[in-house]
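J.: Here are the chains, one letter per residue:
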Amino acid sequence: MRKLKVIVAKAGLDGHDRGAKVISRALRDAGFEVIYTGLRQSPEQIVSTAIDEGADFIGVSILSGAHMIVAKKIIENLAERGAEDIPVFMGGIIPESDIAKLKKIGIKAVFGPGTPTSETINYLRNYYKKNDM
Amino acid sequence: MTCKSRIQLARLIRKIEEGEEFSYYTKEIASHTIGITGSGGVGKSTLTSRLIQYYREKGNRVAVVATDPSSPFSGGALLGDRIRMQQFATDPDVFIKSVASRGKQGGVALCSGAIAAALSEAGYNPIIIETLGIGQDEIDISNIVDTSIVVFSPKTGDQIQAMKAGIMEIGDIFVVNKSDLSSADAMVSQLTKELTESGRKIEIIKTVASTGKGIEQLAQAIERHKLLIFSVSRKKRNAIYQIESILRDRIYSYIKESLQKKKYWDDALRDIVKGCDITDILKRLLSS
Chain A
51 MRKLKVIVAK AGLDGHDRGA KVISRALRDA GFEVIYTGLR QSPEQIVSTA
101 IDEGADFIGV SILSGAHMIV AKKIIENLAE RGAEDIPVFM GGIIPESDIA
151 KLKKIGIKAV FGPGTPTSET INYLRNYYKK NDM
Chain B
1296 MTCKSRIQLA RLIRKIEEGE EFSYYTKEIA SHTIGITGSG GVGKSTLTSR
1346 LIQYYREKGN RVAVVATDPS SPFSGGALLG DRIRMQQFAT DPDVFIKSVA
1396 SRGKQGGVAL CSGAIAAALS EAGYNPIIIE TLGIGQDEID ISNIVDTSIV
1446 VFSPKTGDQI QAMKAGIMEI GDIFVVNKSD LSSADAMVSQ LTKELTESGR
1496 KIEIIKTVAS TGKGIEQLAQ AIERHKLLIF SVSRKKRNAI YQIESILRDR
1546 IYSYIKESLQ KKKYWDDALR DIVKGCDITD ILKRLLSS
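Top to bottom, those sequences are chains A and B. With the working numbering applied, the first sequence covers 51 to 183. With the working numbering applied, the second sequence covers 1296 to 1583.
Each hint should be verified, as a subset may be incorrect.
[Said to hold, decoys possible] Label-pair restraints from in silico Cβ distances:
| no. | chain 1 | residue 1 | chain 2 | residue 2 | range |
| --- | --- | --- | --- | --- | --- |
| 1 | B | 1538 | A | 172 | 44 to 52 Å |
| 2 | A | 132 | B | 1451 | 22 to 30 Å |
| 3 | A | 130 | B | 1536 | 36 to 44 Å |
| 4 | B | 1581 | A | 132 | 48 to 56 Å |
| 5 | A | 172 | B | 1506 | 39 to 47 Å |
| 6 | B | 1580 | A | 118 | 55 to 63 Å |
| 7 | A | 167 | B | 1561 | 27 to 35 Å |
| 8 | B | 1432 | A | 63 | 58 to 66 Å |
| 9 | B | 1581 | A | 66 | 55 to 63 Å |
In short, the hints are calculated from the structure, not lab data. C-beta atoms are modelled at their ideal positions from N, C-alpha and C, and glycine is treated no differently.
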């Protein structure tokens, strides 16, 4: 069976990376291979990294408030490069009212602060099974 | 290369990594392959990043295969070498692939050589393979690449450390990184002494990867070594060894799983602890 590969990226200009590190560690401990990109990644960097690494998922953490713009650019960039089949999930500080909007443009799931890491892990595993990636 | 074929290359590499594609294990690598090894924290990734920059300025298309350890407990991994190279993530002429060791000892993943073969076929040259942070005897990199670079940093041991077997016996170029630290010269003289006494002629280059100092000299040393080995004959990769390791792992997992289903495995472990003869147990397991 394949190992699941996840890109964890900090988009935008804020430096709050605790959430990204918590989820990276939790995924590692659940047997995922996590590629951590570090801070201040542009949508183009995130998409290129996901393509080159052959990622199964992209996880984006953002706390700056720019989530709508960043999400839109990532989804557009994936489509432009023919990689729209890589699912994107998000975390960070994202207002409840924006979650439906994010899903509408193609973000698969949003995990806010306080989400048990097991919820994210189960979501990713089930997504992989359901879509037989 | 177009976007579409870059995706195809990435997906091919993933297949090699997952043990679904084996033809690249025995393919010739036309490109020059450079290995970067050394203990954790000596600056391998930062040095690699500087080398990418150097080769890009020369107009080369560069690829990197960077290794980090898998957890022996969960099998998962956190691959972070890329962090130091992310400024090249969007460069169409740079390809960076992170691989996890997946239980393999020796400092590099089993698939590293095969991935390098795929990258070579795609036109990347040179290809840099970075090991995980190694201890003293993880020397597999020298079986995979043309030019091995062993990176040291000052204040990492006395001459007895330098006399120990293992990584001191490999390496075509030695680098003392963080050479702006005051103890760098002491490190260089220790290494020089050890090399003289063991009769090896190896260049020692001082670098400060964080500022780029010494990278030009390192690149020149790499070029000299490349000319030397390409003019004589390049060593052959021992690809069958890698395929054999994969096969051995699969056979082991297969047999273990099927024996565990019928409790034979746990019974065998218990009986061995109790003092039963292991050869008898083995016969019992194989006939079950």
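J.: What are the numbers of the hints that this structure violates, sorted from low to high?
T.: Per hint list: 1, 2, 8 violated.
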